[in-house]
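K.L.:
Here is how the chains run, residue by residue.
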Amino acid sequence: MSDWRQMWTDLDMDLEKHDILMNVLGQIYDDLFISQHDRPEGMGYYDFVMTELHGLRVKELMDMKEQGKKVVGTFCVFVPEEIVVGSGNACIGLCAGADFTVPDGEAVLPRNICSLIKSLMGFKLAKICPYFQATDLVVGETTCDGKKKAWEILNEYVPTYVMELPQCKETRDMELWEAEIKRFKEKIDELSGRVITADEIAEGIRIVNAKRDVLQRLQNLRAADPSPISGKDAILINQLSFFDDHKRFTEMTSKLCDELEKKVATGEGVFPKGTPRILLAGTPMPIPFWKPHHIIETSGAVVVGEESCIGTRYFESKIPEIPTTIDEQITALAKRSMGVNCSCFTPNTARGEDIVRLAKDLKVDGVIYFNLMFCQPYSIEYGVIEKRLEKEGIPIIKIESDFSDEDSGQLKTRIEAFVEMVKK
Amino acid sequence: MFVVGIDAGSTATKAVLLEDENLIAWSMNPTGWSPRETAKNIFTSLLEKTGVEEGSLAAVVATGYGRMGISFATKTLTEISCHAKGAHYYFPENETIIDIGGQDSKIIQISPKGSVTKFAMNDKCAAGTGRFLQVMATALGMDLADMANITDIEPCKINSMCTVFAESEVISLLANGAAKESIAAGLYYSVAKRIVSMSSGFRINKITFTGGTAKNSGLKQALEKELRHSLVIPQEPQIIGALGAALSFNSL
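Top to bottom, those sequences are chains A and B. Here our numbering is used: the first residue of the first sequence is 276, the next is one more, and so on. Here our numbering is used: the first residue of the second sequence is -18, the next is one more, and so on.
Chain B on its own, in the form it takes in the complex (with noise of 0.2 Å):
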């Protein structure tokens, strides 16, 4: 039995096909300014590319912030039940999702056997996302695939929660001959803190690292330095949403 998940997030769009639960193939591409044309796209695509037809899947699940403008989808669900199906089934044992996408992040806790029991979401504010760590690496002329490198290394303080006012702030400290290395250590703590005020209130414990972030090495060193807890990571932190949507079809 064949099965779609798609997830329209703000920043990608990812899609995957499951066969009787396994994962047969997946795509990202970024969203652009049509979530709805994106989706579409990577649907067609997927299919051509696997060789499936349409007519023989048993459903399309779409989740993400644009997941009500999929129209061909037979069955939309929020991003946070779907992390939880997505993150469960490559880490049973673990309780706590910890997802950092474009522009939200979240946290989740579940029951062994992977329902949603608690969650938190921060999504009126781009600190604490990705989109935060985008722009810094603009203002630091980096590549954000460069800057995901840089561990270990002492980390300059940055004041400012705000993107905006971090993002002058992170100017002020170059022009000051601050090295980007500690600059972007600094940046990384300040995601990491952001995170730790969220988290009160759950149980911290076993945690899945998700998202486009979590291929962030930095990151997640700062992440794990501040919850004083190590973190997992599936091989492809970022198609978690996907994967969950088309999981959840047996539970619909």
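The following block holds chain A by itself, in its conformation from the complex (with noise of 0.2 Å):
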């Protein structure tokens, strides 16, 4: 690890609470990943990129910012990483996900507001995350009204270029989020120092299109029952998609991806088959936050799927066909990330029938609905989620939570009685 400590001091970290975060996390990965049955063998590169997480994969940031490269940090799929990819640079989802950082985001926001913002901003302002401390651009958009506000402050600590959102998806909003998708494109340019060509976004786009295939196909194996791998693993696998390297990522997951297929083939599940299936619907789940998988697959259920961003709405919006003009490009991204349904829209009713063509397609006995407290516009967005799933007779229960583990025990009985309700 000295190895590391001399990258990390170079970052400007705070190491002594990097220590004790890593600490936690390493007891955390080891009671909650590692302790799990049958896990694919597959599973052992993505162990691997946990305990290297802070160390091979930022000495891989490192060399290329030598070689004149840039860092973009993002946080929400609606962000073209295509452009990012494709100039060369280095695109990151950073993390959210942890309780620990969430008192240090406090200093500078109200308590009352969705924790993957305070947790964001806590991982900058305690200066305990080497992508953050590497990141030459912060990429903020305005989804919601937290998040607007917030990347305000963030700018204060790192540079934070903010993509404005439209609220609909009519005529009028394409054109403005086309309008903003060929400025993010300049500001690449301005950050990369030379103007990108339609040849390397092409590149990008089938980068990224190839990397989001990969996790559909992932997806498409947890539709089998026994399911080929847990929730926790799957969903973990969705958050490194964030961080690695992507050819990498793909081919490695890929390879797993092989080897679930054999192990369906032969009924080879983690979970005894018929063990209750949940679909996850809601709000993002970013690293390291594993708390609904875990409660629900000790609960004796088994997540078969994600509706989330960290999920089905990262991976199921592609770009069919490359365009080779910038323009088209452009206005392909466009199409793409505004087919992602995101309840920061509205209306957004094609979430439903979202939610309600993954619990069939995936043969679910329930559906939870996991929503961040303080997230208004998921929140809001349950009342008409329930009324359509109850039409098609499928039981959804609502969850709300943060990223503490003060109410484990109080979750535990909830959704412990659902899997109760819904088994057969």
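Please note that a few of the clues may not be correct.
As the list claims (entries may be wrong) - Below 30 Å or equal to it, Euclidean Cα-Cα: the simulated DSS-like pairs (lysine-lysine) are: (1) 662(A) - 105(B); (2) 56(B) - 666(A); (3) 99(B) - 635(A); (4) 187(B) - 687(A); (5) 530(A) - 635(A); (6) 699(A) - 99(B); (7) 196(B) - 698(A); (8) 206(B) - 687(A).
In case anyone wonders, no lab produced these hints; they're calculated from the structure. Given the structure is predicted, the values throughout are model-derived calculations rather than measurements.
Got two chains here, separate frames each, mind docking them using the hints?
P.N.:
Below you can see the structure in the form of structure tokens.
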């Protein structure tokens, strides 16, 4: 580890606080992940990525920076990472899922806002995330009120570029969003010190499409009963897709899918066949937030899908045909992200159809709607989703929580009761 | 066939013995500081009292807050499923169960067959639970049992939802000369309002009221007024969870 201490010092990190975080995370990872039974062999790669998350991967980014490349940090799947990837710079989806950093975030933010925002702010203020420290440009977006105002504060600590996301999905909104992507492209040109070409963007689209495709492939394999992989392992893979080198990640995840395909063929799973199947729907679950999955999978059920930004809302949106001119590429990128049925948009009725489709395709016994406390859009949308699922006779329950462990007991009672309720 | 059901609640531990789904005997003790020990003791004395051997039991099903610590249980189940089963046993036509226990309150909707279709819980805050009434009884210098008989009194308005702040408010009201009975009536309305706000989204119809607090006539009256519906109460409302646990044996 001593190699990395110099790198972390160069990144102006708080080494003491970072040590505490690493110890805590290490213990949690052992308890939650390593202790699982019948894990696919291919999970060894992701375990390795986790042990080296603040080490080797960061070193790769530092090497890129030495070559004049930049690190762009994002927090939303609407951001066209394809442009950044195509330009040869690094695009990292930054951490926002630790309770550990919430108190630091609360130093500059009110308590009664979403933990994701408090956590991301805390990661920067506490200087314990090497990715954040290495980031040259943060890309924010006007998704929700909390994020909108938080970027103003974050900009005092790291250059933050904000994309204006429209509220609706009409023609006028598409025009705004295309203009925003064009402006973003110009920003990346400026960051790179040159004009990125259409060929480069096409390659970026290809690379990111491939990553989305492999995540879709992984998701499809979870439709089997028994599922060949736990929901916990699946969400971890989805979370790591925002950090790892795209090509390597796609290759390793493809290998894992090959292994899982064999398991499905022989009926091998991580839980017995007939274990109650759950679809988790709701607000994003960034790394290292694993609480809902852990509670569900230790209460007699298996999570077979996530309708979340870290989940289907990320990889289901794709660019089917890659255009060759920049203007067409910008239009395609705008269409891709506008296909994401995020609650920040109004109306958002298509999301109900997404959840019904996923529930049926994955043959779930019930849907657990997880809402981060204080997230208004997703919380209010629950009513609409509940009614839609009631029409289909699909059981659903809403769980509201934050990143802390103080309500784990209460959540477990509710989740266990729901599993008892939906068991056949 | 003998089955024992144990409800290890936060305030009281209850145990029932069923023979072929008929209630033979039951026991209840304060949980105290060791749910595990209390459960073991109550189990042992119930068997002694009835002369049934532990070996002849088909199952021991545990529920409640302390269920995980009951090592001799053959199965555990959440209190939601158990209250549904137990309430349905006595009142099979009822669709809704309101349970107000020592430290939590719940609303459960059930199908005609007695299976849970929807539920809501308040277990993050003492307001609207037995604990709230216990704290207030102490503040009023009254026995909970005496306070329970206060009905048909014009209630005093209690503004604070929080148990801690409501206690301060009660003490102020007493100091300003308000009658204990009015304050008690006001407290019952506070609890009833909490339950009403939890009930939004539920079909409130044909209600069974369970939990230790169901023995409180003042609370029953306030709930019926605020819900605009009558409540039926089983003879022993506190053992419904344990009963449901034992009844669940067949469907495990």
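K.L.:
Next step is simple, just say for each hint if it's right about the structure.
P.N.:
Structure-based check of all given hints:
no. : hint            : in the structure
1   : 662(A) - 105(B) : 26 Å, holds
2   : 56(B) - 666(A)  : 34 Å, violated
3   : 99(B) - 635(A)  : 21 Å, holds
4   : 187(B) - 687(A) : 29 Å, holds
5   : 530(A) - 635(A) : 27 Å, holds
6   : 699(A) - 99(B)  : 16 Å, holds
7   : 196(B) - 698(A) : 34 Å, violated
8   : 206(B) - 687(A) : 33 Å, violated
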